[in-house]
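Novice: Listed below are the residues making up each chain.
There are 2 protein chains.
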Amino acid sequence: MIDGSIRLAIDAMGGDDGPAMVLPGLAVALVRCPTLTFELFGNREVVGPILERHPELAARARLHHTDVAVPMDAKPSQALRMGRRVSSMWRALECVKSGRAEAMVSAGNTGALMAMARFCLRGMEGVDRPALAAIWPTVRGESIVLDVGASIGVETQNLVTNAILGAAMARAVFGIESPKVGLLNIGVEEVKGLEEVREAGQVLRDANLPTMRYEGFVEGDDIGRGVVDVVVTEGFSGNIALKTAEGTARQLAEYLRMAIGRTLRARIGYLLAKPAFARLRDKMDPRKINGAVFLGLNGLVIKSHGGTDELGFASAVELAHDMVRNELQRRIAADVAVLTETKELADAG
Amino acid sequence: MIDGSIRLAIDAMGGDDGPAMVLPGLAVALVRCPTLTFELFGNREVVGPILERHPELAARARLHHTDVAVPMDAKPSQALRMGRRVSSMWRALECVKSGRAEAMVSAGNTGALMAMARFCLRGMEGVDRPALAAIWPTVRGESIVLDVGASIGVETQNLVTNAILGAAMARAVFGIESPKVGLLNIGVEEVKGLEEVREAGQVLRDANLPTMRYEGFVEGDDIGRGVVDVVVTEGFSGNIALKTAEGTARQLAEYLRMAIGRTLRARIGYLLAKPAFARLRDKMDPRKINGAVFLGLNGLVIKSHGGTDELGFASAVELAHDMVRNELQRRIAADVAVLTETKELADAG
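One line per chain: the protein sequences are Y and Z, in this order. Per the working numbering, numbering of the first sequence is gapless, rising by one per residue and ending at 349. Per the working numbering, numbering of the second sequence is gapless, rising by one per residue and ending at 349.
No lab work stands behind these hints, which were simulated from the structure alone. Being a predicted model, the structure only gives us computed values, none of them experimental. The beta-carbon is built from N, C-alpha and C at its ideal position, and this holds for glycine as well.
Okay, the calculated beta carbon distance ranges per label pair:
1) Y:Arg-250 / Z:Thr-35: 39 to 45 Å
2) Z:Arg-85 / Y:Glu-195: 29 to 35 Å
3) Z:Val-31 / Y:Ile-268: 35 to 41 Å
4) Y:Gly-141 / Z:Ser-77: 35 to 41 Å
Required output: the full structure, derived from the provided sequences and hints.
Specialist: If you want it as structure tokens, here you go:
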């Protein structure tokens, strides 16, 4: 960090629209976060000409040529085989590993990014399995939900770690001193298979960590209500919750469209209420909250949605900026250390 | 069944509003399904006077007095201790067990109903674990999602059985000859922990059952899109998907309310578009699709939402009516037998 600037490594080839979306996105982010500088990784034949059209960006970016771009539909194993060491995705991750950048942003293939990030950056000390955290819009603002797909299967230790990772992110991104944390569970009690969730709750309650307020169990419908700042679960149900919420939002938008389109009177009403609807659409706009974050690795990795546009990519870049500025990695390491200490004290006692 | 009539056993004490909601609900259902007759279980001091106010219902119902009503917040173990053999819930289940009624409907406590139904009715031959199936509104109509909370943990055989149960229900309720079936999965490939889901997919593909079209994996956002008629998953992620969708719908309704309430112009627009909004609310109305079904037991049990009103309860009763009329239980038994046969043939070959 020179003179307070924050340097990000960018996979310029990622996303359905690739550099044609990524570079304009960076230009937008730069207006809002003028201290950013970028290390760009991508094919110079494609990226170079676009970069030239954005002189303010070009002045704050360095382009590193890469021959290989990981296809959006490559399987993680394929991606590793073809892209390790040579792809724009890998080189951007390596840039974080070596300390030349403070976070990496990619709109590339999620599975490939997850595999490469794990392989290149490895887990932080005290974190067995990294988590993918999503920022979820709620009626009260925003919450963090994790894990949304990085690791599958309920394990007590994993849930506890996710609570720590999520709370640290809430502190860094939302600026809440002691975020409220809930464990995602189902309302049906005394059903088999939830021992790990209950155990994780017990551990969190007993640990009584200074970095969070553990609030007990929450259910699926509590997420959108914003009952807690951090919702903790394992990757399978977390991913399904996230996708289901996205699908429901799209479904209701479709109902709304159908309801409005049906009669002339409704269309006139719509025209009058248009500014209100614009605000509604704004709330429902997935681009506004674009970026899932890999937590628990030796380096910050932000995954932007593959199908996003430049505004969405800019949001992901701004999220990276905020997390670096608020020292998320240092916070996570400190919080994990507190838990380890607590456990050691408990074991010794 | 006398002269084509369908007899249902009703837990008259279930639901937040109890008999004051249940009985008017039955009266509504009776208008739409006039061949219904009811065996009512509940406290005669409370239920009797309400029944007198609905003479058409009283003419088609028989009231059996019960002293005990399972509280809405009782744990399943408590409910079994206090309510076994004596509660309105248990007695209504028993009425189905003995063959005096063809299905049971309750708006009582889900966990208690699940525990009692299992205990009283036991699983059908060939079904290890019963499932709770929900009817899910989609942009194309409705789909069945199961399991939404009856049994937790991914097991291959369990997923295969759920596919058969769900397909039989789709045939009975939607009247589709060969319903499309999908397994709920997450898009991230080659992540640990999904072996059982993949295995279940292989079994369904190989079995090539005449009662369904297996369509492969679906993701959370495919549910509301109505990509398949039956979405199969295990109870933890299914329950979370269901609750998350409900929460998201409520959240967006709240956004809509806020967007409309803000300016006079928007309110005038809203007034003009009001009939369109009424249709929209109708689509989003959880009462219209009210009733989850326990499948795989020796008897049909329909769970109405605890917080529902009489219209919602009437929907659950009509669902019971349709399932009995379309011989759901017989279909399930036949479909399970086909799978068992297929397996035996495969094992012998």
